[in-house]
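S.K.: Turn these sequences into a full structure, and let the hints guide you.
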Amino acid sequence: MKHLTIILIVGLFTLTACNHQPAKSAGLVKNENTPYQVNPKGQNSIYQLAGIWTNQDKKTLSLNDLRGKVQVLAMVFTHCQAACPRITGDIKTIESQIAPGKLDKVGFVLVSFDAERDTSSQLNSFYNKMNLDKHWNLLHGNEEQIRALSVLLNVSYKKGQEGIYAHSNIITVLDTSGNIQFQQEGLGADPKEILSNINNLVNSF
Amino acid sequence: MRGTLFIFLLLASGFFIEPGEQMIKVPAGRFIPFFQKKGENISQPVKEFYMDTYAVTNEDYLQFVKANPQWTKSKVARLFADTNYLKYWIADFDIGPAYKQIKNSPVTGVSWFAANAYAKWKNKRLPTTSEWEYAASASINGKSKDALTKFILQWYEKPNPAVLPAVGSTFKNEFGLYDMHGLVWEWVYDFNQPLGGNSSTGELDKNLYCSSGSLKTADAKDYAAYMRYAFRSSLKGNYCVGNLGFRCVADIK
Chain H
1 MKHLTIILIV GLFTLTACNH QPAKSAGLVK NENTPYQVNP KGQNSIYQLA GIWTNQDKKT
61 LSLNDLRGKV QVLAMVFTHC QAACPRITGD IKTIESQIAP GKLDKVGFVL VSFDAERDTS
121 SQLNSFYNKM NLDKHWNLLH GNEEQIRALS VLLNVSYKKG QEGIYAHSNI ITVLDTSGNI
181 QFQQEGLGAD PKEILSNINN LVNSF
Chain G
206 MRGTLFIFLL LASGFFIEPG EQMIKVPAGR FIPFFQKKGE NISQPVKEFY MDTYAVTNED
266 YLQFVKANPQ WTKSKVARLF ADTNYLKYWI ADFDIGPAYK QIKNSPVTGV SWFAANAYAK
326 WKNKRLPTTS EWEYAASASI NGKSKDALTK FILQWYEKPN PAVLPAVGST FKNEFGLYDM
386 HGLVWEWVYD FNQPLGGNSS TGELDKNLYC SSGSLKTADA KDYAAYMRYA FRSSLKGNYC
446 VGNLGFRCVA DIK
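Sequence lines, in order, name chains H and G.
All residue numbers in the first sequence are consecutive under my numbering, ending with 205.
All residue numbers in the second sequence are consecutive under my numbering, ending with 458.
Worth double-checking, as some hints may not be accurate.
[Said to hold, decoys possible] Take a look, some chain H residues computed to stay more than 12 Å from chain G by CB distance:
id, residue
1, Y47
2, T60
3, T93
4, A99
5, N124
6, K134
7, S168
8, I180
9, N197
10, N203
[What the hints assert, rightly or not] Each pair of labels, with its calculated beta carbon distance range:
id, chain 1, residue 1, chain 2, residue 2, range
11, G, D351, H, N199, 36 to 44 Å
12, H, N154, G, G381, 53 to 61 Å
13, G, K348, H, N200, 52 to 60 Å
14, H, G163, G, K252, 53 to 61 Å
Rather than coming from a laboratory, the hints here were simulated on the basis of the structure.
Using N, Cα and C, we set each Cβ at its ideal position, and we do this for glycine too.
M.R.: Below you can see the structure in the form of structure tokens.
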């Protein structure tokens, strides 16, 4: 009994002593990271991201339901004054330059940053306002899914005052399995390069 | 005698609570973001929240992978964690010969997705940048802000120790949180936020960012904060870095 008590006391002191050790600290480690690589196992498919989204027609879907087509995807919010109508316009331009016979192999996706206000019906208004067609899915999800998707797409964003989101403008091309194949940064870019990527993917299946 | 022992055991068990279970209530306050638009000096309100007293340890994380085998080294998808994931563990459920030495050291080499999954499993979440920076801005031993910055920068300069010390081995700040500086870097939930202002009237580069202004720093002398923001913006969600760990927070309901 006594021994146990002593052990406990010693134990307490030892631990206390540990807490008073001088700080052994460390700086930033440089790290060799593996960039995203497409591998046959599909380990890099963003369709592995779980979560249920709702589109402009109140239809629920998971990202995995986008499988089977080449998808052209951007993240926006419909209350955006500047960039989002433009990035949507950029994607419409891309759509208009794909051969009509091949359009059934391509989908266009807008995912909203604004979990609060961009409900299905709000997305539906944007869909009509921007004059989009049946090849488009406008997705509403919860904040957590949106953040995780933005991380996978390397899109940075931040909710600011008055419901304005600061965000990077990136259009992503996904192959039929959901691997990132190409990303175009910025607005109003020459669509030549992104189109050749899309067409290569479309012609491969 | 029996009674004495009982009291001792009680005391001892209190002392031996898993570090990860202990949380501190961080009071509401105001936080000045490091990057701001010129001509503005916005401090943002931060609501009160609970924060883990210590960073998540190897032992804590081992319990997590045991309960969630999809997060073991061999099963995790490369999308969610790169090849450096838990690199220093020798097997899925085996930290290795250093186990006793490092079980209470912070787990590192875990990705943002892994840290999020852990937090969710604990019914917690990762802190936002604002929450983390606010919690980390509390003084240590009454140090002035400049002295704190100097202390942090001295830590940033030092190379990694071969073995990370246990959590609680550096300093406790005035909120009661241990090792906010001096042990490991920590993930935040919104690490992928643009380094920009909030308003839509900015001119910086509207082609790249929906709303950005020309930038200034809230406190140019706070080079330590600059380093953290720069480090975060260099990360991707599946990166596993040798000296990057995390701790969780929870909302106060």
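S.K.: Would you pick out the hints that fail for this structure and give their numbers low to high?
M.R.: Hints 1, 7, 8, 11, 12, 14 contradicted; others consistent.
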